[in-house]
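J.: Sequence:
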Amino acid sequence: MGQSPPVVLGRVNSLCDSFTFLSSSAFISGEGFRDQIAVEIVDYTAELPDECLAFVFQFLGPGDRNRCSLVCKRWFRVDGWSRHRLSLNAQSEIVSSLPSLFTRFDSVTKLALRCSRKSISLTDDSLLTISIRCRNLTRLKLRGCREITDEGMSTFAKNSKKLRKLSCGSCMFGAKALNAVLDHCANLEELSVKRLRGIHDGAEPIGPGAAASSLKMICLKELVNGQSFAPLVVGSKNLKTLKIIHCLGDWDSVLQLIGNRNQNYKENLNCDINYGSSDSNSNPLMEIHLERLQVSDIGLSAISKCTKIENLHIVKTPECSNYGLVCVAENCKLLRKLHIDGWRTNRIGDEGLIAVAKHCSNLQELVLIGVNATHVSLSAIACNCSKLERLALCGSGTIGDTEIACIAAKCMALKKLCIKGCPISDIAIEALGSGCPNLVKIKVRKCRGVSSDAGEWLREQRGSMLINMDACDTDCGFEASVSDIGVHETGVEVGQVTAVGASTSSNGEFELH
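So that you can map any letter, position 114 of the sequence shown is 114 in full-length UniProt numbering, and since no number is skipped, the others follow by simple counting.
Heads up, a few of these hints could be off.
Here are the computed lysine to aspartate or glutamate pairs in the DMTMM-like style, where the Cα-Cα straight-line distance is at most 20 Å [as the list claims (entries may be wrong)]:
#, residue 1, residue 2
1, Lys316, Glu389
2, Lys216, Asp183
3, Lys333, Asp401
4, Lys410, Glu389
5, Lys337, Glu351
Listed next, with one range per pair, are the computed distances between beta-carbon atoms [what the hints assert, rightly or not]:
#, residue 1, residue 2, range
6, Pro205, Thr123, 53 to 61 Å
7, Ile120, Arg344, 41 to 49 Å
8, Asn438, Val376, 20 to 28 Å
Think of the hints as simulated: they come from the structure by calculation, not from any bench. Heads up, the beta-carbon is just placed ideally off N, CA and C, and yes, glycines get one too.
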């Protein structure tokens with residue numbers, strides 16, 4: 001099932017354009033020329049089992065799939081039961097269409113409901129209908145569904161025992177609704193919450209509920225009182241990923257609870273090992289994102305107790321300094337990805353990065369934004385982090401030709417490099433022409449000292465390298481760009497159903513593609 005059937009797929013795609021096979025012959029008679037065209041209608045898919053036809057449909061986009069469903073009754077029927085993802089324009093006008101819609105698409109497991117700010121959304125009754133019709137629902141995304149209340153979500157949760165992923169944003173329900181989900185959806189693995197109006201000061205604590213053992217990812221974004229999720233975060237025994245983004249309030253105390261939980265887990269595990277037993281189901285945090293938060297070195301010191309962290313983002317947290325980063329580096333020696341946006345506060349620099357170089361030899365990806373690093377720390381990283389493959393240096397006034405020359409000479413494993421808004425010149429580009437032997441992609445933007453001639457020269461020197469420079473036309477497809485957090489879903493388009501593409505929203509996170 002993992003490989004596409006090229007022969008069958010080619011035939012079916014050709015049928016989307018035409019369903020007639022024309023054969024023509026001409027013969028010469030004694031009286032002149034006469035053309036004879038025989039027309040034979042052949043449906044090459046008639047002999048294909050429904051399962052094979054459904055498999056072919058999986059390779060089509062929403063628009064093409066919708067058009068295929070109009071070809072004949074059979075294709076319409078197969079398309080209906082084989083669609084597992086659906087995205088609805090969740091306005092109140094669609095209520096009357098819900099029964100027929102979910103009669104046709106009776107195998108939906110992933111559903112997105114979106115409503116614009118200017119429209120009235122679906123209500124609790126509609127959500128109840130959906131929960132009854134979609135008994136196999138595993139993923140639900142709610143955006144702008146302001147008419148759905150705590151009671152509606154509670155009823156939905158009771159009918160959706162198989163739910164594994166919930167993402168909700170710009171809705172009006174609050175703690176009561178989320179607690180109902182956590183209590184009734186024992187298989188929930190991912191929870192993403194953004195701008196919930198019902199989560200306010202004085203809200204009741206959230207979690208952990210029956211999902212305490214199954215939750216693996218929690219994302220909290222733009223919340224007034226995100227601290228109410230502390231019981232959920234601390235009580236989720238198998239939590240691997242925690243993202244807290246642009247939430248108000250002091251987060252040091254919450255991070256301390258998380259750190260203490262992991263410390264207690266480690267001590268209990270050592271005790272169990274001494275007595276010949278261990279809990280293999282308890283996995284500590286491996287990924288933490290902290291962005292635009294009121295968090296200080298106290299918080300960083302606390303999460304340094306999560307010694308299994310492999311991916312850490314410290315983005316626009318102005319109270320964090322070298323001290324906190326040193327604590328993390330000394331304890332989190334398995335770190336593979338580190339993203340730091342220092343917001344040009346000059347509180348994180350060479351001292352913290354040297355500690356990373358000294359203790360985190362497994363580092364593979366490093367993104368530094370607004371961090372005034374020099375050749376001292378970059379040289380240490382280049383020498384000690386021999387596995388470094390992806391590096392982004394952006395908005396730093398101290399990263400110049402000397403620093404890039406250091407990277408070019410010592411980063412032997414580097415494959416992707418992004419330099420943006422740094423005071424480098426053509427000299428740095430010349431250094432890259434002979435350095436970093438494994439470099440395959442490079443992006444240089446907003447570096448005024450770099451000329452177009454340097455880009456052309458580099459292209460001549462490294463013909464196989466993909467290059468993206470301000471003055472160059474070649475696009476390498478390698479970006480250090482702002483991207484969306486959350487689950488990307490491909491939607492469908494049927495009647496009032498609208499496609500959910502790769503729409504993104506800014507969160508300040510740099511990604512190396």
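J.: All the hints need checking, so say for each whether the structure fits it.
T.: Comparing the hints with the structure gives:
1. About 24 Å separates the Cα atoms of Lys316 and Glu389, which puts this hinted pair outside 20 Å; it is violated.
2. Taking the CA atoms of Lys216 and Asp183, the gap is near 16 Å; set against the 20 Å cutoff, the hint holds.
3. The hinted pair formed by Lys333 and Asp401 fails the criterion: a straight-line CA distance of about 30 Å is larger than 20 Å.
4. This hinted pair checks out: Lys410 and Glu389 have alpha carbons roughly 12 Å apart, not beyond 20 Å.
5. With a C-alpha separation of about 18 Å, the suggested pairing of Lys337 with Glu351 holds against the 20 Å cut-off.
6. Taking 53 to 61 Å as the suggested C-beta distance range, the pair Pro205 and Thr123 does not conform, at roughly 28 Å.
7. Range check, Ile120 to Arg344: about 44 Å between beta-carbon atoms, so the 41 to 49 Å window is met.
8. Distance hint check for Asn438 and Val376: the Cβ-Cβ separation is about 24 Å, which falls inside the suggested range of 20 to 28 Å.
Hints 1, 3, 6 from the list above are not met by this structure, while the remaining hints are.
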